[in-house]
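Let's have the full structure, built from the sequences with the hints guiding it.
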Amino acid sequence: MRAPVRALGGLARPVAAAGRRLSGDHGLTIVGWHRVDGPCSDGLSTGVDDFRRNLDVLEEWGATVLPLEAAVAALDAGTLPDRAVCLTFDDGYASVVETAWPILRERGLPATLFVVSGYLSGDGRFAWDRAEPHHDRHRLARADELLAAAGEGLDIGSHTVTHPWLPGLDLDEVKRELVESRAAIEDLLGRQVDSLAYPTGGWSPAVRAVAAEAGYRIGITVDRGLNTARTPRLSLRRSFAPTDPVDLRLVLDGAYTVLRPLDTWRRRRGPVW
58 MRAPVRALGG LARPVAAAGR RLSGDHGLTI VGWHRVDGPC SDGLSTGVDD FRRNLDVLEE
118 WGATVLPLEA AVAALDAGTL PDRAVCLTFD DGYASVVETA WPILRERGLP ATLFVVSGYL
178 SGDGRFAWDR AEPHHDRHRL ARADELLAAA GEGLDIGSHT VTHPWLPGLD LDEVKRELVE
238 SRAAIEDLLG RQVDSLAYPT GGWSPAVRAV AAEAGYRIGI TVDRGLNTAR TPRLSLRRSF
298 APTDPVDLRL VLDGAYTVLR PLDTWRRRRG PVW
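Heads up: the sequence shown is residues 58 to 330, going by the working numbering.
Check before you lean on any hint, since a few could be wrong.
Claimed, not checked - Simulated pairs of lysine to any residue, SDA-like, Cα-Cα distance not exceeding 25 angstroms:
| no. | residue 1 | residue 2 |
| --- | --- | --- |
| 1 | Lys232 | Gly259 |
| 2 | Lys232 | Gly272 |
| 3 | Lys232 | Leu245 |
| 4 | Lys232 | Glu126 |
| 5 | Lys232 | Ala271 |
| 6 | Lys232 | Asp244 |
| 7 | Lys232 | Thr288 |
| 8 | Lys232 | Ala269 |
No lab work stands behind these hints: they were computed from the structure.
These figures come from a predicted structure and were not determined experimentally.
Okay, structure coming up:
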């Protein structure tokens, strides 16, 4: 986290905390990661020790970590506990099932992994990984690995077929990405799939409407902030976990909600690869 952003978060934290107390909302915080591997954090990779520290911060903060679908159901019913948190992973990297998921299981913590159905063979690499030296950390989980992890309790959701910037597609293409991905993952798991994470956080009201038509009930963005009873369930807010525990604590306290207009501006500009 850059120093100016951290400073802004520090200034905003008391305001965010006061607003949360006054509103009485027991909101839902959604935290995300991509890969969990190696000795240090870099780009999409979170170092294993840093990941453990992230989880320590959640425990120290008093988080109640809930399965995603159960948390949204509680949000709908008005029964969400205070400091409710959901843990999510995007893209379907093998390190999530090999490294992150065993750590979470040790702590009894649920999580959701959003996978790209066109890469379930595990042989492909995303475009942003091809320029880097080949490394196991870029490997994507195979269908059999995902099925085994799902059998142990890891929730699996959709991240489209090919990981496109959805607002840049015509709506028929958006529908294909969402419908075919959902069907492929349901065929793999043998159960209904209701959750979706928009690739690179790319969504719009039109994309959200197609997601609803495709049968999704939960859609996850990368717009920062707390989810309340008023937040549309197909555009839930999420923050990716920063490396520094101080920054994660600011995220949990809602300090970076003030940056949501910046998130909206970035989303309208399109993806930055």
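Holds or violated: are the alpha carbons of Lys232 and Glu126 at most 25 angstroms from each other?
holds, 22 angstroms
Given pair status - Gly259, Lys232, alpha carbons within 25 angstroms:
holds, 14 angstroms
Against the 25 angstroms threshold, does the CA-CA distance of Lys232 and Gly272 hold or violate the hint?
holds, 11 angstroms
Are Lys232 and Thr288 close enough, with their CA atoms no more than 25 angstroms apart?
holds, 23 angstroms
Regarding the pair Lys232 and Asp244, is the alpha-carbon distance no greater than 25 angstroms?
holds, 18 angstroms
Lys232 and Ala269 were given as a pair; does the straight-line alpha-carbon distance stay at or below 25 angstroms?
Holds, at roughly 10 angstroms.
Checking one constraint from the list: CA of Lys232 to CA of Ala271, max 25 angstroms. Satisfied?
Given that 25 angstroms is the threshold and the Cα spacing comes to 7 angstroms, the pair holds.
When you check the alpha-carbon spacing of Lys232 and Leu245, does it fall within 25 angstroms?
holds, 20 angstroms
Violation of the numbered hints given earlier is absent; every hint is satisfied by the structure.
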